[in-house]
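If you're matching them up, the sequences are chains A and B in order.
Take my numbering: the final residue in the first sequence is number 289, and no numbers are missing along the way.
Take my numbering: the final residue in the second sequence is number 358, and no numbers are missing along the way.
Calculated directly from the structure, the hints in this document are not laboratory data.
Computed from a predicted model, the values in this text were never measured in an experiment.
There may be inaccurate statements among the hints.
Far from chain B, by Cβ distances over 12 Å, these chain A residues were calculated [unchecked claim]:
| no. | residue |
| --- | --- |
| 1 | Leu-49 |
| 2 | His-58 |
| 3 | Pro-70 |
| 4 | Ile-155 |
| 5 | Ala-172 |
| 6 | Met-183 |
| 7 | Ala-192 |
| 8 | Gln-264 |
| 9 | Leu-283 |
Taking CB as the label site, the calculated pair distances span [claimed, not checked]:
| no. | chain 1 | residue 1 | chain 2 | residue 2 | range |
| --- | --- | --- | --- | --- | --- |
| 10 | A | Met-1 | B | Leu-318 | 56 to 64 Å |
| 11 | B | Tyr-311 | A | Asp-176 | 38 to 46 Å |
| 12 | B | Tyr-203 | A | Ile-8 | 49 to 57 Å |
Here chain B is said to cover these stretches of chain A; the calculated rule only asks that three of the stretch's residues, wherever they fall, bring their Cβ under 8 Å from a Cβ of chain B [stated by the list, open to error]:
| no. | segment |
| --- | --- |
| 13 | 203-210 |
| 14 | 265-277 |
Ideal Cβ placement from N, Cα and C applies to all residues, glycine included.
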Amino acid sequence: MTEIFDTILQGVLLGGLYALFAAGLALIFGVMRLVNLAHGDLIVLAAYLILLLANALHLGVILGFLLALPLMFAAGYLLQAGLLNRVVGDDILAPLLTTFGLSIILQNAMLTGFSADSRRLTTDGIETASLPLFNGVAIGIMPLLTFLAAVGVIIALNQLFYRTALGRAFRAVSDDPVTARLMGIDDRQLFAIAMGIALAVCTVAALFFGLRANFDPTIGPGRLIFAFEAVIIGGLGSLWGTLAGGIILGVAQTIGASINPEWQLLAGHLAFLVVLATAPRGLFPRAVD
Amino acid sequence: MAMTNPAAPRFAVRTRTRASTIAAIGSAALILVLAALPLFAGRSVTQNLFFILTMLSLAQFWNLLAGYSGLISVGQQAFVGLGAYLLFAWTILGGVDPVLAIVLSGLVAALIALPTSFLVFRLKGAYFAVGTWVVAEVFRLVLAQVKILGGGTGTALPKEVTNDSALVAWIAQATGVRAAVARGMVDYWLALILAIGAIALVYGLLRSRRGLALAAIRDNEAASGSVGVDAVAMKRLVYVVSALGAGMTGALIYLDKARISPDAAFSLIDWTAFVFFIVIIGGIATIEGPIVGVLVFWLIQDELSSFGSVYLMLLGALAIVIMLFFPKGLWGTLADRFDFHLFPIRRRLEFTDRDGEL
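Based on the provided sequences and hints, a complete structural model is requested.
Dropping the structure here:
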């Protein structure tokens, strides 16, 4: 019994990480209907950036992360303003192809720059610390912090969307870009800010991911798929739904892995397909499309 | 009988153009040359052409899906890999002749695509794209669990399958070459038949009533429904036909390679990214585009693939530049400017005299 409880608890906490992966993807889709196929690679890029700042400048992981945040925001802003704003619109081929090309460029640039060796972010032992609960069930400090970070990011994004002028502008552009422009909103500028915020969220995801597991330049697409599955399971347009989607994906994966370690990924994908078959709009849908 | 004014102009709807008539004659001559090629050209020529022809088949089927039907898939490696694994299953486990096994593998891949379509069609637009990718991952992970076909590390085709098949033995006897050489010739001819078949199938489909229905769906899905086009059924047909094509091509590619592993057979880069690139650079939603694209791709690959990751970065960047500045690709841009179509599918209204002549 405790074993089952432990498996589910670890799965829920893993879901926090997937919600962090998914939040940026959901944000971009919500504001500009863009599915960014390079999303996973941008998370990996952020992880390398933290590693680079932490090691090369001897800043440590936390300072490295704090410095990486504004840098990734700027990278997102420039990426959107310089490239992706040219392809967002009704046609879905151009944005898909452009972000797919970007994904291949990023993966191979990172392979060239950082080699194929797997790397990891390290601190002074916090990543192995754990809180004992009862009956030998323990909860890792890092997974717990990851989960709390996911909740924190979602609260912050919801506050931004529903309590600020910027958020109001985001919602206006999302609902009706033409009318929003008539009201004096510069939608292209907003898209650039949204991409900047999304990449800042990617940096948070990268911090916790890099402390939890090894990463190398080729793992981006896998992270994109987890983010995508969490978004679809949760239902489009709802950030809390994304957290629920991440948790369902995480629990399915840990249950699969507890039966046979090779089934971890397969179990997650099957949970996604079951939700798709039974509730195609996700479990907590808000948006119409 | 209704009154007709003899002076009134008459009309005819035509798809054929003078260029297309010349192209048809030229294609027939080219096919004859290509078919006779293994008898006098070296092994390296047929190997290069095998690569070009199989990639061309994949590109035609992906173009049918993405270009003509708006179903942008980044998961066609699902059916390439499935076809490849089915070929190994039919030949190793079932003892079926490899040529028959290619056809059977394609048919089973199409059969599996039918229920799959009910799942992925629940996702729209860009989400459909990522959904097809998840399906490919599921197939890869499932086949990595099939221990009898090598599991995660893969397996090889035994020599009895590759060199001793009926067709290879017959060719070897007829031409007096070694079995290994005859095998290369057979694979090449099969690739040629598959590529011609792919073009003929896609072209035939687009010239038929179903092609008109597809164009109507692409232009306005809601309006096409009002004139009786069942958009979902049409898209499902295209999805299943594309899976059939990708499955047969995958089976042939891995019959030639004779060695399979889940990571290679379900490779996103090899079977989707390169195909994407071929269609975009040549011109999406044209029959000629993939032909031009695959030749350009082969030239670039031949020159630069030894540079590894820099080569892939260059391909990615080139695809983005083409998308931004020449979204119709090389062929599409030229065809628009000069109104030149080798495989015309557009119906044109033309004035004729009383006998229906131009």
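So which of those numbered hints doesn't the model satisfy? 8 and 13
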